[in-house]
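A.B. asks: One letter stands for each residue in the lines below.
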Amino acid sequence: MKDNNPKQLRFTYGEALAELGENNPGIVVVDADMADGTRTIDFKRKFPERFYDVGIAEQNLVGVGVGLSLTGLIPFINTFAWLISWRAGDSVRTLVAYAKTNVKLVGGYGGFSGPMDGATHESIADISVMRSLPGLAVISASDHEQVKSILPVIADYDGPVYLRLSRAEVIDFHDSTQQFKLGRGILIKDGNDITLIGTGTIMSRVLKAASVLQSEGINAAVVEIPTIKPLDKELIITMAGKTGSPVPLLPARKTILSAVSVLPLQKYCQKIFPYLLSEQAYAIV
Amino acid sequence: MENKLTIKELERTAWELRLTALKMVFHAKSGHLGGSFSAAEILTTLYLHSAVLDSNNPDWSARDRIYISKGHCAPIYYPVLAKFGYFPEEELFTLRKMGSRLQGHPDRNKLPGVEMSSGPLGLGASVAVGTALGLRRQKSDSRVYCLLGDGETQEGIVWEAAMTASKYGLGNLVFILDYNRYQLSGSVESIQPIEPVTDKWKSFGWRTVSINGHSVREIAEAFSIVKRGDTVNLPLMIIANTVKGKGVSFMENTSTWHGKIPSDTEMVLAIKEISAHLTHKS
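These protein sequence lines map, in sequence, to chains A and B.
Here the first sequence stands for residues 0 to 284, where the numbers follow numbering that gives the first Met the number 0.
Here the second sequence stands for residues 0 to 281, where the numbers follow numbering that gives the first Met the number 0.
In isolation and in its complexed conformation, chain A is listed as follows:
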């Protein structure tokens, strides 16, 4: 069911993680003194013997989680997005990505969603950092229903994952029938004139932008890219063929641009992304 009352995404994550723990005894949770913020506190209350708090020590947080995974457990490793991508960066690179361990990194307070804690506490680079690491799946969740759908999928996936969450208040636009599929984009709304591409909690605003365009007589398609890596290239290329220039919206804009630059289809992509090189893209954002 859609929840039309604005609610911070992290609360749904906490509830869904505790529920996941009930269905899967292999799930363990590691946190670094952030359980109130990341909302792993729900899991901690339900399964105190499967919850580990290493204190304010993010490098060790990831290392301990990796160690747990090597015994066959499935650790969800939690702290803020900027801490897990920067302070714990070497642990993530060496022990998670290079070593291909089965851990689920979860970054809370992604993007500009914190409670105005200042520049140090905003996470504007976690997607860039995580996407640069080989073998690490990178996911950005958009709403409550999607978070609930993502957790069992990444728990079953045998490999390293980074899941970006947000502290932002979000209204559901997915309903409970949507099924998250790793590596697959979602055509939220079809259209003929232009394709808007987004990821994460910005999606509700992308949909609003599409309705504004509609009132101007422009029929915009809307594509959501919940899995930033591996990227659903086929969907983007299909939509580009159908509507011409896609317009990736922040934070997707930067992400998609850097992602397509490594595609073997680079030349083609430069043709289909002319907006990225023009001021118009910024104007629409």
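Since the hints were derived computationally from the structure, they do not count as laboratory data.
Where a beta carbon is used, it is the ideal one built from N, C-alpha and C, also for glycine.
Some hints here could point you the wrong way.
As the list claims (entries may be wrong) - For lysine-lysine, the following PhoX-like pairs were computed, each having C-alpha atoms within a straight-line distance of at most 25 Å:
hint	chain 1	residue 1	chain 2	residue 2
1	A	K43	B	K166
2	B	K96	A	K99
3	B	K28	B	K138
4	A	K45	B	K166
Claimed, not checked - DEER-style ranges, computed between Cβ atoms:
hint	chain 1	residue 1	chain 2	residue 2	range
5	B	T278	A	K99	43 to 53 Å
6	B	T255	A	E18	54 to 64 Å
7	B	S60	A	H120	38 to 48 Å
8	A	S131	B	K7	50 to 60 Å
9	B	G185	A	D89	15 to 25 Å
10	A	R44	B	S189	43 to 53 Å
Following the hints, position chain B against chain A.
C.D. replies: Leaving out everything else, chain B in the frame of chain A:
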């Protein structure tokens, strides 16, 4: 192979493997001899005597876990793994070659027996703690060993891990400090002192034992402190007093040979000095 060599066999094997490490690094023209030679007896005793492992089944769930956090001692680590039977000894001379499973620093996805990739210092400590936690949660009797360099304990993550180990009372966890007193650019004492080592680890909630890290007998005794399935709730730090570059007179007690490659003349001398131990002990 059977991993229960006698003390005498272990002593000789450590010298044989030291010689192999020397030849491998000379052949590769790159690698770390000083900190490999200091760890020869520790690793030989651990793999070929004290730990419970199965070379035919590297992922056997009941095995003890061994993490080599000081991944730069790969030149002695690999010969020990090969001697134990994880992979053919003929492969040792592919060290540091493009496409080889024997990377400059160990890669768990390439070489059987390597529990975790290592190289960036300190990370192994943290992984060992997590593994000990996970094994205990699953009521396993297995023990977890982690070899650390002395300079490596300047890394903050080591102390983060040390705190977590004592918080959770990980009696199935054993750290070994290869205390050879030299690091890349000088003595540990001159670069960043780590003393008082025993008091530091005790104050972090660990049991400690200090041994001669080249005495196979003392090493084996220290490893026997933690039994499989022990119910003690204190992690153990074995402070192994070692000599950097042990076995080659001009490589001993200096940082110069941390990562230096012998010249042809030096190689002849080094082979002669190590081989002398094999003659005497045979």
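A.B. asks: Hint by hint, note whether the structure agrees.
C.D. replies: For each hint, the structure was consulted:
1. Taken as a hint, the K43/A and K166/B pair is honoured in the structure, with Cα atoms around 17 Å apart against an allowance of 25 Å.
2. With a C-alpha separation of about 22 Å, the suggested pairing of K96/B with K99/A holds against the 25 Å cut-off.
3. The hinted pair formed by K28/B and K138/B fails the criterion: a straight-line CA distance of about 46 Å is larger than 25 Å.
4. Restraint check: the Cα-Cα separation between K45/A and K166/B comes to about 21 Å, which is no more than 25 Å; the hinted pair holds.
5. Between T278/B and K99/A the beta carbons are some 45 Å apart, a value that agrees with the proposed interval 43 to 53 Å.
6. At roughly 59 Å, the beta carbons of T255/B and E18/A sit within the given window of 54 to 64 Å.
7. Between S60/B and H120/A the C-beta distance comes to about 42 Å, which sits within the given range of 38 to 48 Å.
8. Between S131/A and K7/B, the C-beta spacing of about 52 Å keeps the proposed range 50 to 60 Å intact.
9. Checking the proposed 15 to 25 Å range against G185/B and D89/A shows it holds: the Cβ atoms sit about 24 Å from each other.
10. The supplied range of 43 to 53 Å is met by R44/A and S189/B, whose beta-carbon atoms lie about 50 Å from each other.
When held up to the earlier numbered hints, the structure conflicts with hint 3 and nothing else.
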